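Peer 1: The primary structure of each chain is shown beneath.
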Amino acid sequence: MYCVKVEKVVRHNKDTATLIFDSILPSYPGQFVMLNLFGYEEIPLSLSSPRSITVKAVGETTKALVNVNPGAIVGIKGPSGNPFTPTDTKALLVAGGIGIAPLLYLHDYLIAEGANVHVLYGARTADELVCLERLKSYEVATDDGSKGFYGSVVELAELKPLRKYERIYACGPEPMLRAFHRLLKERRLLDKAEFSLERLMRCGMGVCGSCVLPEGFRVCVEGPVFNAAKLEW
Amino acid sequence: MYCVKVEKVVRHNKDTATLIFDSILPSYPGQFVMLNLFGYEEIPLSLSSPRSITVKAVGETTKALVNVNPGAIVGIKGPSGNPFTPTDTKALLVAGGIGIAPLLYLHDYLIAEGANVHVLYGARTADELVCLERLKSYEVATDDGSKGFYGSVVELAELKPLRKYERIYACGPEPMLRAFHRLLKERRLLDKAEFSLERLMRCGMGVCGSCVLPEGFRVCVEGPVFNAAKLEW
Amino acid sequence: MLEVELCSLKMKNPMMLASGILGSHASSLIRISKHAGAVVAKSVGLEAREGYKNPVVINYAHGLINAVGLSSPGARAFAEKLNSFKTEGRCPLIVSVFASTPEEFASLTSFFPMADAFELNLSCPHAENAGMAVGSNPELVREIVAEVKRSTEKPVFAKLSPNVLDIVEIGKAAEEGGVDAVVAVNTVRGMSIDITSRKPKLSNISGGVSGEAIKPIALKCVWDLYKELEIPVIGVGGITTWKDVVEFILAGATAVQIGSALFYSYRMLYSLMESLRAYTRQTGESLAELVGKAHE
Amino acid sequence: MLEVELCSLKMKNPMMLASGILGSHASSLIRISKHAGAVVAKSVGLEAREGYKNPVVINYAHGLINAVGLSSPGARAFAEKLNSFKTEGRCPLIVSVFASTPEEFASLTSFFPMADAFELNLSCPHAENAGMAVGSNPELVREIVAEVKRSTEKPVFAKLSPNVLDIVEIGKAAEEGGVDAVVAVNTVRGMSIDITSRKPKLSNISGGVSGEAIKPIALKCVWDLYKELEIPVIGVGGITTWKDVVEFILAGATAVQIGSALFYSYRMLYSLMESLRAYTRQTGESLAELVGKAHE
Ligand SMILES: Cc1cc2nc3c(=O)[nH]c(=O)nc-3n(C[C@H](O)[C@H](O)[C@H](O)COP(=O)(O)OP(=O)(O)OC[C@H]3O[C@@H](n4cnc5c(N)ncnc54)[C@H](O)[C@@H]3O)c2cc1C
Ligand SMILES: Cc1cc2nc3c(=O)[nH]c(=O)nc-3n(C[C@H](O)[C@H](O)[C@H](O)COP(=O)(O)OP(=O)(O)OC[C@H]3O[C@@H](n4cnc5c(N)ncnc54)[C@H](O)[C@@H]3O)c2cc1C
Ligand SMILES: Cc1cc2nc3c(=O)[nH]c(=O)nc-3n(C[C@H](O)[C@H](O)[C@H](O)COP(=O)(O)O)c2cc1C
Ligand SMILES: Cc1cc2nc3c(=O)[nH]c(=O)nc-3n(C[C@H](O)[C@H](O)[C@H](O)COP(=O)(O)O)c2cc1C
Ligand code: FES
Ligand code: FES
Chain A
209 MYCVKVEKVV RHNKDTATLI FDSILPSYPG QFVMLNLFGY EEIPLSLSSP
259 RSITVKAVGE TTKALVNVNP GAIVGIKGPS GNPFTPTDTK ALLVAGGIGI
309 APLLYLHDYL IAEGANVHVL YGARTADELV CLERLKSYEV ATDDGSKGFY
359 GSVVELAELK PLRKYERIYA CGPEPMLRAF HRLLKERRLL DKAEFSLERL
409 MRCGMGVCGS CVLPEGFRVC VEGPVFNAAK LEW
Chain B
209 MYCVKVEKVV RHNKDTATLI FDSILPSYPG QFVMLNLFGY EEIPLSLSSP
259 RSITVKAVGE TTKALVNVNP GAIVGIKGPS GNPFTPTDTK ALLVAGGIGI
309 APLLYLHDYL IAEGANVHVL YGARTADELV CLERLKSYEV ATDDGSKGFY
359 GSVVELAELK PLRKYERIYA CGPEPMLRAF HRLLKERRLL DKAEFSLERL
409 MRCGMGVCGS CVLPEGFRVC VEGPVFNAAK LEW
Chain C
95 MLEVELCSLK MKNPMMLASG ILGSHASSLI RISKHAGAVV AKSVGLEARE
145 GYKNPVVINY AHGLINAVGL SSPGARAFAE KLNSFKTEGR CPLIVSVFAS
195 TPEEFASLTS FFPMADAFEL NLSCPHAENA GMAVGSNPEL VREIVAEVKR
245 STEKPVFAKL SPNVLDIVEI GKAAEEGGVD AVVAVNTVRG MSIDITSRKP
295 KLSNISGGVS GEAIKPIALK CVWDLYKELE IPVIGVGGIT TWKDVVEFIL
345 AGATAVQIGS ALFYSYRMLY SLMESLRAYT RQTGESLAEL VGKAHE
Chain D
95 MLEVELCSLK MKNPMMLASG ILGSHASSLI RISKHAGAVV AKSVGLEARE
145 GYKNPVVINY AHGLINAVGL SSPGARAFAE KLNSFKTEGR CPLIVSVFAS
195 TPEEFASLTS FFPMADAFEL NLSCPHAENA GMAVGSNPEL VREIVAEVKR
245 STEKPVFAKL SPNVLDIVEI GKAAEEGGVD AVVAVNTVRG MSIDITSRKP
295 KLSNISGGVS GEAIKPIALK CVWDLYKELE IPVIGVGGIT TWKDVVEFIL
345 AGATAVQIGS ALFYSYRMLY SLMESLRAYT RQTGESLAEL VGKAHE
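Protein chains in written order, with the numbering used here: chain A, 209 to 441; chain B, 209 to 441; chain C, 95 to 390; chain D, 95 to 390.
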């Protein structure tokens with residue numbers, strides 16, 4: 209473990225913020241850190257850029273993180289885990305809710321690699337959509353229709369010519385990912401897709417076993433990014 | 209610690225032998241190893257070549273070593289310690305008794321470096337002189353006059369134009385080295401000379417303190433080779 | 095050359111997965127069982143238990159320090175999870191149990207018909223009323239073992255702590271209680287402090303040190319137990335290379351367990367197995383012949 | 095910023111040379127005293143003692159294992175050797191003594207008028223009738239300390255072993271006996287086997303583990319002793335970098351001792367001192383202010 213300082217906090221809405229660190233963490237998009245907000249818990253968070261995380265308040269630690277003051281010192285283990293496989297061709301990014309976090313990093317990275325990137329981004333309401341200004345080409349979906357497509361992001365994706373894309377990357381709540389997995393399976397596109405998964409993590413370094421999937425993979429080491437075809441969903 | 213096999217044993221006389229290992233120990237002339245003959249003690253021995261030691265039976269372990277059979281496995285720590293500073297000009301090597309061991313290695317090394325090497329080698333009797341066939345240019349001294357100069361090697365050295373040599377290297381019993389030190393001091397040649405010293409060694413790695421000299425140096429780390437000018441004799 | 099028989103368990107090699115490492119899910123146990131002589135599941139108690147808050151594991155240059163705190167879903171739920179090992183597992187399954195009293199220990203065995211043997215956790219250094227808290231008292235250890243043996247026909251192992259004045263005393267108590275083998279050792283008490291935040295790195299402040307750092311400590315325990323006990327000793331603590339496996343066997347271990355080294359790779363046991371195979375081929379001796387050889 | 099006062103000893107920095115490392119000759123003690131807050135000489139007993147046969151120290155990737163066996167020339171001869179420290183030493187000199195009985199311990203102090211303090215070796219893990227053999231019994235520890243305190247006006251430190259069930263119990267016994275500070279810890283029992291010769295690497299079979307491997311173990315002892323005792327704690331075990339020094343101070347150590355790290359360099363203490371100076375300059379706090387801070 210080492211420490212970094214939170215240099216800047218960008219509040220996106222009442223429960224989501226991006227914390228920018230005072231130093232770059234050598235990493236690849238899709239990797240995560242175990243972040244320890246001292247006095248709270250150590251939790252896994254994907255990098256939303258080489259020097260930031262984007263976090264949504266869902267419990268005690270994430271709440272405290274979203275409200276942290278610049279200058280705060282946090283403990284970091286990692287970055288670790290398996291990153292997304294990059295491409296320099298046509299890429300589709302599919303995000304559900306806070307699942308946008310690792311895809312923001314990937315988005316910037318792929319564009320720098322010269323890829324042609326399009327993002328489908330769903331949330332419950334317009335208010336929950338964050339960092340849209342960072343995205344070059346995107347469409348949004350909201351459950352309540354308050355912005356963009358009226359429905360889920362998977363329903364939006366269903367309307368798209370998915371075959372056009374060389375690679376498809378997705379992150380979001382598991383029900384959304386499972387629905388998207390079904391869609392990709394129908395269209396025989398599972399091979400092209402990578403999903404970033406979440407599981408309860410304890411050690412974050414491959415020994416404790418708490419993040420193990422039914423397939424036997426550890427989310428913290430073999431994941432969090434998995435080829436969709438490897439998932440027995 | 210690691211193990212090497214004794215490949216060959218060359219008996220020089222009733223109590224001295226050279227043990228040749230099955231592998232080269234990366235080293236410089238003047239360095240020593242802590243050699244563990246299992247069942248006996250671990251003792252410090254200078255390398256007499258990158259793959260040999262030359263040992264004289266003085267006690268239990270050395271006696272057993274001299275009589276060891278080819279194929280025996282011995283434990284090795286090192287090579288360690290400060291080696292001789294090489295030269296490619298004119299060098300004088302002054303050996304007393306088994307002090308020839310590290311100088312044999314140095315001899316071959318300096319010749320390979322293109323130096324002009326002369327050896328003065330003293331022992332009690334002709335019988336105790338070993339490995340003369342390895343030396344390119346030498347004079348010997350014996351206490352009983354049974355071969356070469358009748359007297360000690362230091363008395364022999366006194367007759368020589370020591371100033372002619374760029375570097376002088378000596379190894380032998382401490383009384384001999386002290387006498388030689390006096391001689392070099394008189395001639396103001398201490399700076400040019402390096403001595404290889406012996407002390408009781410326990411750890412051989414600089415922590416136990418048993419080999420410490422009155423000057424505060426450890427024979428096992430700062431030595432066994434010291435610049436003669438550093439010794440407050 | 096690698097096969098070992100340990101208290102009637104037939105193992106394809108002497109390497110067992112240590113308890114608490116990747117042992118909370120049948121899926122990981124099954125995956126590891128492919129190359130393991132046996133696997134030990136994560137320690138389980140009667141009731142569900144949260145364990146400590148994160149951070150629960152930290153790594154340093156010489157090993158790991160953990161204070162997971164015996165988190166477990168409880169015996170019934172865990173037994174359900176383990177069920178699939180019966181059909182898909184490729185080696186014996188050992189269920190590790192923790193409890194506070196002899197009766198509680200004994201009550202646990204009936205939950206696990208799929209177990210081939212039981213390991214008694216008498217040694218976790220960072221749990222209240224369990225682990226070392228019960229395992230450092232020789233009387234209690236004897237009673238626990240005796241009670242558990244009455245509850246099951248299967249082999250029972252006692253896992254011991256190095257954090258005692260005399261591990262042999264505890265080992266002997268377990269032997270007197272009728273235990274089939276001892277496992278040495280669990281983690282060594284330790285902790286680490288972050289100098290920037292000036293706080294202990296683990297939420298529980300202290301935990302147990304495992305990994306390479308503790309290898310000489312564990313080896314000494316195995317050596318002493320082998321010398322003084324009649325029953326087999328299972329060695330654990332810091333084993334990372336095939337040489338470490340051989341070292342423990344020479345010290346007297348009939349089998350070994352490997353935990354922290356999985357940190358380096360899921361395929362650890364596979365590569366150790368390949369190396370051990372090469373070693374035995376070279377020496378012409380089976381590993382079983384080497385047990386305790388360094389005492390000769 | 096680095097100065098520390100420890101039981102009336104004025105130290106220019108909190109780093110002491112640990113006993114047994116380069117402590118058999120005045121010349122090395124003098125050399126190290128230049129940059130040390132204090133130096134502890136090699137443990138000495140009443141009579142000359144050979145110690146074990148070589149090999150007595152081995153190194154592995156994570157530290158050292160030693161079984162020197164308290165070799166020493168005996169009190170009278172050693173006192174003569176140490177005499178020159180009085181004029182040439184540049185820091186307080188602490189003489190470490192070992193013995194088997196309270197009376198024998200007490201009889202040792204009068205041999206060493208040049209000592210600024212005494213350290214009682216109650217913790218060497220590989221000596222018969224000395225070290226841990228006497229230091230794991232709280233009653234005896236209390237008596238030894240009391241008896242030694244009657245024999246001298248100088249500060250007396252008790253050096254404790256981590257190889258016990260509860261180091262705090264022993265620390266408290268020493269405190270009750272009137273000790274001025276406790277030193278934690280001596281080495282951890284351990285051993286190593288050479289797989290080629292199939293023999294233990296140390297002539298004594300087992301010894302004590304020191305160096306980086308044992309840092310978390312030592313730190314936990316310091317933490318516990320600081321919490322439970324009133325007297326100062328001196329931390330030792332695996333300290334290798336300036337960060338380790340700070341970590342021990344945060345855990346509650348008023349001063350630290352450094353042994354095995356001298357393996358890396360004779361100039362170790364010098365470079366640690368420079369780094370600590372830079373650290374205190376950066377934080378603006380003296381090291382003395384940091385003692386026990388991680389408990390807050
Ligand atoms: C690889 C990975 C990457 C992640 N990346 C991000 C990210 O970039 N941004 C972000 O906002 N969140 C991310 N998460 C989720 C984040 O870790 C959890 O929201 C956080 O742990 C909740 O902690 P808490 O104390 O605030 O909530 P708690 O009070 O502990 O729990 C609140 C909710 O979060 C769930 N949860 C608790 N702990 C975890 C955990 N360790 N892992 C997953 N879910 C948990 C609980 O089931 C509960 O529903 C990621 C999780 C993983 C595994
Ligand atoms: C750096 C160094 C290099 C050496 N190189 C050689 C060499 O190349 N060839 C060689 O034959 N000898 C060499 N020696 C000396 C050799 O180490 C001793 O002869 C050996 O340790 C004696 O062991 P023993 O058990 O046979 O004798 P013991 O029975 O232990 O003692 C016999 C005699 O040797 C002396 N002695 C014992 N132990 C040591 C020791 N550790 N260091 C020095 N003297 C000791 C004793 O004082 C006694 O006079 C070297 C010593 C040192 C320190
Ligand atoms: C993260 C972690 C969790 C552990 N959990 C348990 C456990 O539940 N029960 C147990 O008996 N030992 C547990 N241990 C101890 C190990 O089984 C093993 O005894 C110890 O780690 C030493 O072996 P190693 O150095 O190979 O890891 C755990 C160790 C680690 C690192
Ligand atoms: C070679 C060696 C000899 C030692 N001799 C003694 C001794 O005589 N008395 C003593 O109290 N401790 C002795 N120790 C223990 C050290 O003083 C220290 O407590 C231990 O090594 C842990 O510190 P370190 O990790 O910094 O070395 C010795 C340690 C070593 C490595
Ligand atoms: S979080 Fe421990 S193995 Fe993944
Ligand atoms: S032999 Fe131990 S310091 Fe030199």
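It is possible that some hints are incorrect.
Here are some chain D residues pointing at chain B (derived, C-beta under 8 Å) [what the hints assert, rightly or not]:
{"#": "1", "residue": "Gly117"}
{"#": "2", "residue": "His119"}
{"#": "3", "residue": "Arg125"}
{"#": "4", "residue": "Leu140"}
{"#": "5", "residue": "Arg143"}
{"#": "6", "residue": "Pro149"}
{"#": "7", "residue": "Asn153"}
{"#": "8", "residue": "Arg170"}
{"#": "9", "residue": "Lys293"}
{"#": "10", "residue": "Asn298"}
{"#": "11", "residue": "Ile299"}
{"#": "12", "residue": "Leu323"}
{"#": "13", "residue": "Leu356"}
These are calculated hints, taken from the structure and not from any lab test. Quick caveat: nothing in here was measured; it's all calculated off a predicted structure. Beta carbons are placed, not taken as given, at the ideal position from N, Cα and C, and that holds for glycine.
Peer 1: Just pull the numbers of the violated hints for me, sorted ascending.
Peer 2: Of the numbered hints given earlier, those the structure breaks are 4, 5, 8, 10, 11, 12, listed in rising order.
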